[in-house]
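Using the sequences and the hints, build the whole thing.
Protein chains in written order, with numbering that gives the first Met the number 0: chain A, 0 to 138; chain B, 0 to 275; chain C, 0 to 309.
Calculated directly from the structure, the hints in this document are not laboratory data.
Idealized CB from N, CA, C, for every residue including glycine.
One or more of the hints may lead you astray.
For the chain C half of the interface with chain B, some residues (derived, Cβ under 7 Å), not all of them [to be verified]:
#1 G55
#2 M93
#3 A165
#4 T176
#5 G179
#6 A230
#7 V274
#8 L277
#9 A282
Covered stretches of chain C (chain A as the covering partner; in silico rule of three or more C-beta atoms under 8 Å from a C-beta of chain A) [unchecked claim]:
#10 60-71
#11 107-119
#12 146-153
#13 247-256
Letter by letter, the chains look like this.
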Amino acid sequence: MNSPSAWETPAEQLRYAKLLGLGARLGVVVTIAAFAAYAIGILPTDVSFARIPELMRMSLEDYLAATGRPTGWGWLAQIRNGEYASLAGIAILASCSLLPLPVIILHYARRRDWIFVIVCTLQIGILLLAASGALTAGH
Amino acid sequence: MTATYSRLLLATEHTEFDVGAERVAFALAMRHRLPLAAVVPMLSNPVYEVAAPELVARAEQEIAGRIAALREAATAAGVTLDIHVRRGDQPWREIVAEAAQRESDLIVARRRGNRGFMSRLMLGEMVGNVALHAPCSVLLVPRACGVWTRRVLAGVDGGPAMADVARYAGRLAVEDALPLTIVGVAMQDTREAREAAAAVVASAEAIAAKAGAQIDSRVVEGRPRDAITQLAAEVGADLVVIGRRGEASTLKRLMLGSTTRGVVEAASYPVLIVGA
Amino acid sequence: MPFALALAAAALLLAIGATPALAANGGEAAPWWVWPLALFVVSFLLGIVAIPAGVGGGILFVPIVGGFFPFHLDFVRGAGLLVALAGALSAGPMLLRSGLADLRLGLPLALLASTSSIFGALLGLALPVAAVEVALGIAILGIVALMVTAGKSEQPVVARPDALAAALSIHGVYRDTASGEDVRWQVHRTPLGLILFTGIGVLAGMFGIGAGWANVPALNLVMGAPLKVAAGTSSFILTLVDSSAAWVYINKGAVLAVIAVPSVAGMMLGARIGVRLLTILKAAVLRRMVLTLLLFAGLRALMKGTGLWT
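Have a look at this one:
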């Protein structure tokens, strides 16, 4: 239908797109499934539903004090509870860039495109730093 | 000699409503051996483009099909077309912006809207806004019309556009070797009204005559839009030249003149709205 | 379809108007599921109007939900980041495939913006809520002003790439399907772009708002990327920026599933309807309505923060 085109999507973009899509879909499925199970009552809860309307108005600090909700990665230990199982899905969404980035680092390294190797490595570092909780600890 | 217009811009979506505008634009380009530019407006916005890439791709395929057909029609008519697609949430803005960017001096467009029953009866909203905001003159063409071959009719009143309308119509009539009728309308059946209209027509005639046009002047009575439409039929005019708005108060600056709108809506011939 | 438009607008106003009333009249007595359901409905409606109006859902969510729901702003911002992230992630892969999102253009900018978004998020969670509300109100008013005044340039003319863009070899080609032409592009003013994106990252992290409103003009008008590439790459950049900031909120405990999940789900479902409405509704009229709503929400945040209307 179209005239022949000189345009072609770079191979690394296609690979990035595929892996990002994979992670994003997984994240959405886990989030929705876990939340549904939580809301219907299949999964146990850490904080009872009855307290939710009152708790949601509190500031973060008061909320944490009132519920004893874990910070950092502490929720992982309580993943059998519905709210934290849903959080696992959200964590997948927030991590799914970590899947394609290392792959395109290899691609750039093969092309000796060192600037982009550095950019992507730093990007992974930033995401890991944010995810590690090192910056948010101590509160 | 240089034509009254030399940088034509055809605004089209290549629908059934655009065939008249396309036919006339091709004919004008051929007649004066002018290059023809075309703008095809496309509804879009950046949020939409990233939210629905598949839908956008489908819509663009469809536009691509229309453009191919438009190009083919132009080639068949012997015209080279330079086509631009412009995306935005208001098609008329894109058409006006394209005209400004290309410094076009005449936009050729359809008359009717293609959305909804009401807009088919009246001046299309998109076209109305183009006529109001265009940086140049605008030629609105009903779908069944071709280029003019018989007589030019210029409607004038005491408004600021009078001299421009007279000059434009005079040059156009000479260029196309057609007779010109200049009409002024007396809105009341009084001697003063008739004399005022006659005075306006006389000064318009003087201006148009400088171009060398062969002129027939008239003063008629009634509601301007009806009077002009009726006279056009009577004298066999197949092009009406008119100003964007009349003597209206500054309050009405934001609208297309009601006479202009009425004449366009009733026309079975192209109407040229003389602009800045 | 003006009827459908009016209906959607009325439903949205009704939903927004009803929630404070609910909150005032013993909202705590209402069953817990009223809140996630109300969030779902409002997000759904926002998702519908956002796309034809050309105003990202991520920018609408925080000021409107923060202004008219009784939830604490900390949780609303956490949810807002996820709404923006989910939106960016759902389109990202397709945009990368079609070449409208460009890795070479996006990665360096995303690196700076995601770094600064972490600091924005930390700052936002450390400041007193009233200060954040005032800042949010001012930011929203500024954003509305930007949206009204900023133009666009479908294919800006970039005579020469700057030295940095040349060194990073930031350029590309995409296929304009409508005109059937390959559009080659390059960028300039890359250092200024990097500075702008650093600032945009702070705002995104601090307020939990999507940043397409800033990304697209920065890429298009400042750096000279074609509008389509600017929009696509902006979406890609958000996948990284919002991920980094979201982690800060997750680690701080500010992401509550009961607020975030219904919002994300509502917005995604609404968007699926919204994308089909562009050619049906009067997009320009809808845009004006949505910007008015946003303006109102900005004033509300400002007044909440200053204590004039709480």
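Hints that the structure is at odds with (numbers, increasing): 3 and 12
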